[in-house]
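Visitor: These are the residues of each chain, in order.
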Amino acid sequence: MPSLIAFILAAGLPATLLLTAAGLGLGFIIGLGLALIRVYAEEDIAVLAQAYENVFRGIPVLVLMLLFLVSTGWPALFSAGLALGLRSGAYQSQIVRGAILSVSDTQVIAAYSLGMNRMQTARHIVLPQAFRLALPGWSNEYAVVTKDTAWAGAIGVLDMVKAVDYLIFENPLIFLPAILAVTIIYFFLTYPITRYAGEQMSKRLRSLGLGGNY
Amino acid sequence: MSIVLDVRDVWKAYGDLQVLKGVTFDVGETEVKVVFGPSGSGKSTLLRCINMLDPPDKGEVFLRGQSLMAKDANLNMLRARIGMVFQQFNLFSHLKALDNVTIGPMKVLGVEKEEAIERAHIAIDQVHMTEWIEHYPAQLSGGQQQRIGIARALAMDPDVILFDEPTSALDPELIGEVLQVMLDIAKAGTTMIVVTHEMGFARAVASEMYFMDKGVIVEKGTPKHFFTNPEHERVRQFLLRLEVLYGGHDQE
Chain C
2 MPSLIAFILA AGLPATLLLT AAGLGLGFII GLGLALIRVY AEEDIAVLAQ
52 AYENVFRGIP VLVLMLLFLV STGWPALFSA GLALGLRSGA YQSQIVRGAI
102 LSVSDTQVIA AYSLGMNRMQ TARHIVLPQA FRLALPGWSN EYAVVTKDTA
152 WAGAIGVLDM VKAVDYLIFE NPLIFLPAIL AVTIIYFFLT YPITRYAGEQ
202 MSKRLRSLGL GGNY
Chain Z
191 MSIVLDVRDV WKAYGDLQVL KGVTFDVGET EVKVVFGPSG SGKSTLLRCI
241 NMLDPPDKGE VFLRGQSLMA KDANLNMLRA RIGMVFQQFN LFSHLKALDN
291 VTIGPMKVLG VEKEEAIERA HIAIDQVHMT EWIEHYPAQL SGGQQQRIGI
341 ARALAMDPDV ILFDEPTSAL DPELIGEVLQ VMLDIAKAGT TMIVVTHEMG
391 FARAVASEMY FMDKGVIVEK GTPKHFFTNP EHERVRQFLL RLEVLYGGHD
441 QE
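Top line first, the protein sequences correspond to chains C and Z. All residue numbers for the first sequence refer to my numbering, where the first residue is 2 and numbers rise by one. All residue numbers for the second sequence refer to my numbering, where the first residue is 191 and numbers rise by one.
Worth flagging that the hints you see were computed from the coordinates, not collected in a lab. Cβ atoms here follow ideal geometry from the backbone N, Cα and C, with glycine treated the same way. Check the hints yourself; a few may be wrong.
Said to hold, decoys possible - The following label-pair restraints were derived from C-beta to C-beta distances:
(1) C:208 / Z:302: 25 to 31 Å
(2) Z:435 / C:45: 49 to 55 Å
(3) C:14 / Z:303: 42 to 48 Å
(4) C:63 / Z:266: 47 to 53 Å
(5) Z:331 / C:155: 55 to 61 Å
(6) Z:303 / C:199: 33 to 39 Å
Given the sequences, and given the hints that come with them, work out the whole structure.
Guide: Structural data, given as structure tokens:
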């Protein structure tokens, strides 16, 4: 088992981590932009952001990957990262928007009464709190993106699941141990982060009187 | 005495509900005006109209002669000169007490950080919160939060401070510390408009009191006038009821 895990990590972990980082990073930029547009922009622009969300939440990520790969001829790794990022952007927009809206109005009014404009209020008062409130949602999105990088194997990226594919192809008898090995790896990639974000951040938020009292 | 704030014939409706029906008064330098009256009479709306958080439908508001209703008015800069203290304190949850007080001078007035901290220390000292500057709002009692709210307004060095029922969300034993701070800054010459039912406070420092009901100022007068010989029966009944409710804790 240890050598199986070592093989899978050596062969597939770099692509898995790279795709996770690319998906979350690109998704963050898109998601933050969309969320700001949906909360602060004029109605007719906000509708476009909403349309983006609906489109990218409605398409399976594997279909997106295939679409980019086939229609553009971009490398598989790039197509996979782009698909994960564009889709994650749609979800992260929801996460950030929900967080922005849950910062209390009373603080916004207090900021205006000090003479802050909308931009200053967003930057100094609303967003710093929204980012904290968004962390539990983000930790969930991290787990989702990490696991969905597995689809990249289907378009030819050598990620961890693809590595397992090769192992089984060489030796069908190790099917079960190989699948178990990759299961354990995914678990340890996701669990510590989601647990940390869940527990530590809830504690921190409570100390700020944010995010509920239980 | 020069006029700081001049409110002329202010009207405000929410949908079909006419909340303010022509309110007129002015506030001179170092004056303390106390507004009181039954809930729903438009007191809080009046304050929110003055600093344009809820712009009036009709009327005029002047801050030292400058109109807040004018189309070319720089509302943010005018608001920076009108402090506001809220019933629910409205502190910024993610900022320590000190940062709640420095953020206005730094971001709105463009004051350097060192100077903003110095100003904040002076304001926080005035509200006796120096020991608590490193605490977050959630770690403070209601009375302490409200005193930081007052310090936040003071640090902007505003022309006038509006108080919107500053003690009505507080436990009885915390009201005193907030009222004491308000008395101190009133006596130090701060120009204030205070919506409150704390008649002890009004008696001690009000230059003039306004009784509001159904969107208009029904009666104006000095504390002495109100506490000895109010004109309207409605006012007399209201004051009587306040006395029955709050009778004990005058602040003199």
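Visitor: Would you mind marking each hint as holding or not holding in the structure?
Guide: Now the hints, each set against the structure:
1. C:208 / Z:302: 25 to 31 Å: At roughly 30 Å between Cβ atoms, residue 302 of chain Z and residue 208 of chain C fall inside 25 to 31 Å, so the hint holds.
2. Z:435 / C:45: 49 to 55 Å: holds, 52 Å
3. C:14 / Z:303: 42 to 48 Å: holds, 45 Å
4. C:63 / Z:266: 47 to 53 Å: holds, 50 Å
5. Z:331 / C:155: 55 to 61 Å: holds, 59 Å
6. Z:303 / C:199: 33 to 39 Å: This hint holds: roughly 35 Å between Cβ atoms.
In summary, this structure violates none of the numbered hints.
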